[in-house]
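Chemist: The residues making up each chain are set out below.
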Amino acid sequence: MKKLTVLALAAATASCFAFNAQAASSKGTIAIFVNALDNPYYAAEAAGAKRQAEAMGYDTLVLAHDEDVKKQNELFDNAIGQKVKGIIVDCADSTASVAAVQKAVDAGIPVALINREIVKDGIALVQLTHNNFQAGSDVANRFVELMGEKGDYVELTCSLADNNCVTRSKAFHQVLDQYPDMKMIARQDCKGALLPGKQAMDSILQANPNIKGVICGNGPVALGAIASLKNAGRNDVVVVGIDGSNDEMASIKAGELKATAMLQAQELAVQGVKAVDEYLNNGKKPEKERVMHKGIFIDKTNADRVKDFLYQ
Amino acid sequence: MKKVVMLLTTWGVVSLLLCGFRIVTKEEFKQLQTPESPLLSQIAEIFDRDLTGQLRDSATDIDDLIELFSDPNADFGQLCTQYGYRQSPDIQCNFPVKLKGQIKSVNTQSRRGTLSVTTPKGAEVKVKIGPVVGDTALRDVLKSVSYLDFNDQTVYGEFGEKINAYCLKKLEGKAFEPGESIEVLGAFSSWDVPGSPSMIQIAPAELNK
Numbered sequence: 077m078k079k080l081t082v083l084a085l086a087a088a089t090a091s092c093f094a095f096n097a098q099a100a101s102s103k104g105t106i107a108i109f110v111n112a113l114d115n116p117y118y119a120a121e122a123a124g125a126k127r128q129a130e131a132m133g134y135d136t137l138v139l140a141h142d143e144d145v146k147k148q149n150e151l152f153d154n155a156i157g158q159k160v161k162g163i164i165v166d167c168a169d170s171t172a173s174v175a176a177v178q179k180a181v182d183a184g185i186p187v188a189l190i191n192r193e194i195v196k197d198g199i200a201l202v203q204l205t206h207n208n209f210q211a212g213s214d215v216a217n218r219f220v221e222l223m224g225e226k227g228d229y230v231e232l233t234c235s236l237a238d239n240n241c242v243t244r245s246k247a248f249h250q251v252l253d254q255y256p257d258m259k260m261i262a263r264q265d266c267k268g269a270l271l272p273g274k275q276a277m278d279s280i281l282q283a284n285p286n287i288k289g290v291i292c293g294n295g296p297v298a299l300g301a302i303a304s305l306k307n308a309g310r311n312d313v314v315v316v317g318i319d320g321s322n323d324e325m326a327s328i329k330a331g332e333l334k335a336t337a338m339l340q341a342q343e344l345a346v347q348g349v350k351a352v353d354e355y356l357n358n359g360k361k362p363e364k365e366r367v368m369h370k371g372i373f374i375d376k377t378n379a380d381r382v383k384d385f386l387y388q
Numbered sequence: 211m212k213k214v215v216m217l218l219t220t221w222g223v224v225s226l227l228l229c230g231f232r233i234v235t236k237e238e239f240k241q242l243q244t245p246e247s248p249l250l251s252q253i254a255e256i257f258d259r260d261l262t263g264q265l266r267d268s269a270t271d272i273d274d275l276i277e278l279f280s281d282p283n284a285d286f287g288q289l290c291t292q293y294g295y296r297q298s299p300d301i302q303c304n305f306p307v308k309l310k311g312q313i314k315s316v317n318t319q320s321r322r323g324t325l326s327v328t329t330p331k332g333a334e335v336k337v338k339i340g341p342v343v344g345d346t347a348l349r350d351v352l353k354s355v356s357y358l359d360f361n362d363q364t365v366y367g368e369f370g371e372k373i374n375a376y377c378l379k380k381l382e383g384k385a386f387e388p389g390e391s392i393e394v395l396g397a398f399s400s401w402d403v404p405g406s407p408s409m410i411q412i413a414p415a416e417l418n419k
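From first to last, the protein sequence lines are chains A and B.
Last residue of the first sequence: number 388 in this note's numbering, and the count goes up by one each step with no gaps.
Last residue of the second sequence: number 419 in this note's numbering, and the count goes up by one each step with no gaps.
Some clues are possibly wrong.
[To be verified] Facing chain B, from chain A, some residues (calculated, C-beta under 8 Å):
no., residue
1, 147
2, 149
3, 207
4, 310
[As the list claims (entries may be wrong)] Computed footprint of chain B on chain A; a stretch qualifies when at least three of its residues, placed anywhere within it, have a C-beta under 8 Å from a C-beta of chain B:
no., segment
5, 175-181
6, 245-253
7, 342-354
These are computed hints drawn from the structure, not numbers from a lab.
Glycine included, every Cβ here is placed at the ideal spot set by N, Cα and C.
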């Protein structure tokens, strides 16, 4: 019995040493907050940030705020309480998130924003976003070509509560509204998800069988529209979107989705972690606080080069 | 008493209108207090002074640029640094160019109307004549105004649209025929070395016959 006790104590001491050694080798924890982990885009963001942070010697804490400002606030409080070294966040809202970011910065924790920006300058270490306007313009220009500059079309927006979706929609219209022979016969907000995209398309298609094209604010909505059109046997309708997930690539290769703009989700996340690391190690802030990354235009000619929101 | 109040109110409203006051909606009032960007109301000045001046100083002859592009070892990044301009490596490169050539054909079938122009060295490039320009080469080649002056993608997009609209306004009333000689000062955008000269589509800041 005595031997067992000694062995158990020795094992406990050894594991304690092992834990401490691991803790000593870690540079601390980087918290990574994204909207949702079951959406391919946000999952890619989280995976990119986690991989980069761990490669740099940090532990990671990956959580989703579900686009809920209150929940995001709690995540920030928790991270501050845990004394994390830095926070990478795709924030829940561009205005309401200012206070949460400010709170972390006041606690000495640098915050890198990815994808969604906040409305105030000078608080976050860096704000890395996609050029949603350019992505929207590129996709709309191709949509115009595919439509032959005329015909009835539908716009399915991602989520008009999301500033990025609003920007994409504005970019669409800056292009499309210059073509008087292209007529938008319906517009519906599909909350950025596949099922509402399909349901919206189902009902719009019933009322407007003559539609020639559908321009979508993001990938899941576009895939939802395609599912609806396939059910209705309508493979003649032009569908375009924005995002660049693996599912979209498969759809492009199958000739269903005609074009998209790939948003560099992983690249933004990696750059965010690098900025935080640079600041923690050398006290250096990025040259510019707001940095835009281009959306890469994708069609059948280059869909093979995309995997997990990375362009190779 | 009621009549007096009504008369006074009517008199007040009429006086305000006659004095040049305008009643605005809440939204208009908000916009007047915080304009999206003062740069949006300075398009003519920015175009005529900054953009045209910059293009005159830095434009490369299109034939010379096409020759550089034709080198199989052409390094696009290096060519962009030397002959073009971009605000960051992440966006298209914008090349300021000048061109003297002869109109080969006029495409007005598409709203993105173009002239196909043969250069002195025999290459064929396109010059945009609208009514849709379809890109932002003129905005993006401009050095005096950048995205950082807006920090808002939509307003920056609007700025680009206004620059294009001003470009098209300068073309108003001009008709083009094959065989005519033209001189162009403008810019085009590209992500990479154009596959052929005909892929080059120049947005004109000046287009003279």
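Chemist: Hints numbered earlier in the text: which of these fail when held up against the supplied structure?
Modeler: Violated: hints 1, 2, 4, 5 and 7.
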